[in-house]
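**Student:** Take a look at the letters that make up each chain.
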Amino acid sequence: MSIDKQADGMFGAKGTGDTSGYGGLVRQAANFGSSERPYGSYFDEVADDLERAYPEFSDAIERVVVDRGELTLHVKREKLVEVAFILRDKLKFEMCMGVNGVHYPEQTGRELHAVYPLLSMSKNQRIRLEVSVPDADAHIPSVVEVWAGNNWHERETYDMFGIIFDGHPGLTRILMPDDWEGHPQRKDYSLGGIAIEYKGATTPPPSERRSYK
Amino acid sequence: MTTFDPYAPSRDTTEGKVFSVTGGDWDALTQEIGAAKEERVVVNMGPQHPSTHGVLRLVLELEGETVTEARCGIGYLHTGIEKNMEYRSWTQGTTFVTRMDYLSPLHNETAYCLAVEKLLGITNDVPERATVIRVMMMELNRISSHMVALGTGALELGAMGPMFFAFRDRETVLEIFEMITGLRMNMAYVRPGGVAQDLPDGALTKIREGVKLMRKNFKDNATLLIGNSIWMKRTQGIGYLDLAGCTTLGITGPVLRATGMPWDLRKLQPYCGYENYNFDVVTADTCDVYGRFLIRMNELEQSLRIIEQCADKLEKLEGAPVMVADKKIAWPAQLALGGDGLGNSLDHIRQIMGTSMESLIHHFKLVTEGFHVPAGQAYVAIESPRGELGASVVSDGGTKPYRVHFREPSFNNLQSTAAMSEGGMVADIIGAVASIDPVMGGVDR
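Each protein sequence line maps, in turn, to chains A and B. Following this note's numbering, the numbering of the first sequence begins with 1 at its first residue and continues without gaps. Following this note's numbering, the numbering of the second sequence begins with 1 at its first residue and continues without gaps.
In case anyone wonders, no lab produced these hints; they're calculated from the structure. Be careful, since some hints might not be right.
To be verified - DMTMM-like cross-link-like pairs, simulated, lysine to aspartate or glutamate; straight-line CA separation at most 25 Å: (1) B/K267 / A/E45; (2) B/K365 / A/D59; (3) B/K267 / A/E70; (4) B/K118 / A/E130; (5) A/K90 / A/E106.
Claimed, not checked - If you want the footprint, here are the derived chain B segments under chain A, 3+ residues with CB under 8 Å: (6) 68 to 80; (7) 118 to 125; (8) 144 to 150; (9) 158 to 164; (10) 242 to 250; (11) 347 to 354; (12) 402 to 411.
Using N, Cα and C, we set each Cβ at its ideal position, and we do this for glycine too.
Okay, chain B solo, but in the shape it has when bound (with noise of 0.2 Å):
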């Protein structure tokens, strides 16, 4: 036994030797190390790790530079979204949700409001425009979240260049929003019965020029990295995951797509609406991260096809409801922006102060106690930039979510990281993580 090593202290355990290497001076442990036949090493790589998406920490047990072990350490993030929204009404249940995957806000309220209206049994009540901002209001989403997982997984394998395209034109989505929604993401736009209110003045304009601009800018990454011999080096046959993999572990979207499997639930189980408009299901039959790189890169184009059929819908629908006609569920006030930000329309407040005692009683009710949803339970899956986003919800028939848990795409898909680097190089673990495209916020709710 040598002398006591503050920075490499060493403990007998049932599996030999096991040295907690922390920093400093290592001579004396090398020495030690040296004297021993068998080698492994342990590395923690995260929570604050920039290459790991966030706070995931990856537990990998490496013999020289191979991954033998690779295990995912999450939690990190864990908020107990699900767990407040039981003491909040279902409206506000919206704030919440909106919270978890931060990088598709739109889909995760879209999904909890389908599954609240299915258990209201509204859900063929809610007005056509409200329907047709939500698809459009996804899609964008769908951008600007694939931006975010083609930019910061380019970053992470050390290309600079397609962050700053990526962002670029994720800033185009999100002035967007910003402008319909008044935020740039969280924004609780997208309400049980509807949304929030209807799109501003001048909104489709931007819309149509941002699709434009975007179809243009696309151009950018792609001629950067689709061909690029480095780039095709560091991802073909990288994190490799087949149909009987996806299958097993129950991995949906770009990672499932990228076996050969055309599964789309947008159209395969339609929601929203989603059968009535012209898009193609983009598929990669090479199970590796180049292809669900390609996936999502062509996916963009998908979008914006969606997102033009959309702004052609609404000019149709302009002057509809984006609420449903039921008041006993639809948010009491047109909201309006005032000089002190954005708030009930100061008409509606004329109205139940000066005119209308049974207004204001109304009001009163519906945004304090909210409303009553009839007892059982639904599932609702729509398909989320990440794959199949599930909303379980749970009523007791009471004004509040009895239990509400959401089947995230980033919780499950991030299982397939030990099938997908084990026995692969240490570097190329950032790829397939990177492939997986997991969001904390989502995996640890």
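Only chain A is shown next, with the shape it has when bound in the complex (with noise of 0.2 Å):
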């Protein structure tokens, strides 16, 4: 994953006057690039696992990452649903537990992640998979035909971001009303919420407020 926001100031909302002194201060972004071997841990064996059963790993695998002792491989998603099978049948992780969806508008041409944390039962291991998409194009192959309990959260994603997942069987939007506009959890989505008046005073609502970043 990389971060590739840089932050300026020291608080978030705009319009309101940032008194502390430190308005022009700059954070510079943190970018994760590619992992060296080794890896460390049973990461080593499961990327030469990989390497061994899919030839075109080198072709499908942007990225290798290792951070806080996780595992990510960055796949294109062309080739999510092939990965998806030989990590399944070959490598054994037989259940993925849901895609969870990241928006990062500041990532030109890759604004939306989807992330599938995988479970292997049997050699008792955990491996990540991120795909991005561009925000004008985001479609992503679905990987229910390969573990059917992505029904529901490939559904949940489509929902909160806006990812259409191709090839589902039935994507619909599954926790907001049918015809609710926008996908909630996008950055560019407001929280909402109104103003609040006590005893004269005004607080305005939590996305609005002056607050720290």
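Two chains, two separate frames, one set of hints: put the complex together.
**Tutor:** As structure tokens, then:
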């Protein structure tokens, strides 16, 4: 994962006076590149096994990131289902613990990420798959045919982020009402809320309050 | 076409004529349906129905009393907890997650805090006393959660007595929670770096008495239900789901263990030092509602064993810290109970207001701004009473979560409703859903 965002000033809300004197502070963006071998733990074994079982490994896997004791394989979306089948059948990752989206508006061309935590019960291992797609073409092939349990998780991610999972048996909203407009977990979707007035003083809704970044 | 009937209007669709029955006099309807060759009934069970475990809506297609299709409608309790957390500090996040699965608040808090601690890189700095308290509170919570699963599950199948016993025993746990955290549920007690405050005087005595009492009381429900012929008939062979079904649907927890698979994260991927406790993983091999019921009954005793070991450890760790030593993360004040409720201790206020300007600044900064969490993402899974509860937490390096997502076992496991109940009787769907033990607050978040 990478956070390409550069932070300016101390407070998140715009339009209110930053009286801290630290308005000019700039926090540099952190960026994680691909990790170098050896990855440590069982991660080398997983990467080796996958490379052996899947000849197109270098083409399909964009990056391998090891951070905080967790292995993340960044997969091209066109190859996701192929990789998923091999991980399930050859590498014994029998369970997918769902999918969740993350919206990075600053990462032009790959704003929407889908993250799949995988679990191998027979080897007692965990890895993570990550797929990133552009906002303008938010399509990811569905893995419901690989792990049927991802059905509702993909519906939730569609509902919350607007990522369309191609090939899903029934991609409809699941948590929000069917006629809801917008996808609430996206960063450009405001939290909403109304100002509260109490004894003459007004407290703005949480998204508009002056707050630290 | 007969005359318009306000209680059973009909319309033509691609699937044939559809009648929407709402109530009143059905004479006209039965006359008209009598002519039709095919009869399919679609029934909405819930979201306001006493047997669907909260606001779960089941859309059932029936042929006679046989369920041909079962679909779940969820989202009635969606409160946007994950979105709201992006606008609060990391510490305030515990106040939100505790309200998701309201029957296991301490598991939610611990999963979230373990993920935040992993991002902060302080997993090994959390004091041992705090970790032992977390384990003890989680196991107490497992008991109170299983008590609701057993009590309401039995009630939904028509057994009144078990409900009374279960809620009596749950009360024992909730009283302990109230003594330690001040609240019976939604306590926001586990915080990044440790727990909110140390155990009050007399807590261990109360816990030991509670364990003794519960061990005796649990026998009531066991004698009432295990081997009871009516209970067996309503639960044995019902809601069948085998290991292959569980694996492909991502099912964990008691439903998975009822297939004979001894999968328990506390044993296999230990967190919070679970490897240092003696307990057994309970399994059954029946794949049905009865097996899941037996697992929950037997897990109660295992939780009691862990709680006793925690109490022994806590006795030895008397006076040890319960919050990480790093003052950039730890809440600046020890909370204390005053005349107007729980708040900052008066000693601390005296210090920051009267003696130390630096302490005042530090307190102000940490409480209003919070702490920065290094950028990255973490996934932490723990064994909640319902299965794998996973916290996916993403930080952009700021003082607020960038994205928090919970892999809720209730949400995932509820998908198995169709596999468990299609082809069975409509009365058995109640038992099947009860055996999944979904908590809608967790499903919808």
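**Student:** State for each hint whether it applies.
**Tutor:** These are the hints, each one checked on the structure:
1. This hinted pair checks out: B/K267 and A/E45 have alpha carbons roughly 23 Å apart, not beyond 25 Å.
2. Pair hint B/K365 plus A/D59 does not hold up; C-alpha atoms about 48 Å apart against a cutoff of 25 Å.
3. For the hint pairing B/K267 with A/E70, the CA-to-CA distance comes to about 20 Å; that is within 25 Å, so the pair holds.
4. For the proposed pair B/K118 and A/E130, the alpha carbon gap of about 19 Å is at most 25 Å, so the pair holds.
5. Restraint check for A/K90 and A/E106: the C-alpha separation of about 37 Å exceeds 25 Å, so the hint is violated.
6. Look at the segment 68 to 80 of chain B against chain A: 4 of its residues bring a Cβ nearer than 8 Å to a Cβ of that chain, three or more, so the hint holds.
7. Only residues whose C-beta sits within less than 8 Å of a C-beta in chain A count toward coverage, and the segment 118 to 125 of chain B has 3 of them, enough to reach three; the restraint holds.
8. Counting residues of the segment 144 to 150 of chain B whose beta-carbon sits less than 8 Å from any beta-carbon of chain A gives 0, not enough to reach three: the coverage restraint is violated.
9. Counting residues of the segment 158 to 164 of chain B whose C-beta lies closer than 8 Å to any C-beta of chain A gives 0; at least three are required, and the coverage claim is violated.
10. Requiring three or more residues with a Cβ within less than 8 Å of a Cβ of chain A, the coverage given for the segment 242 to 250 of chain B holds, as 4 such residues are present.
11. Chain A is given as covering the segment 347 to 354 of chain B, and this is violated because 0 residues of the stretch bring a CB closer than 8 Å to a CB of that chain, at least three being needed.
12. Here the segment 402 to 411 of chain B counts 5 residues with a CB under 8 Å from a CB of chain A, which clears the bar of 3, and the coverage holds.
Taken one by one, the earlier hints fail for this structure at numbers 2, 5, 8, 9 and 11, listed in ascending order.
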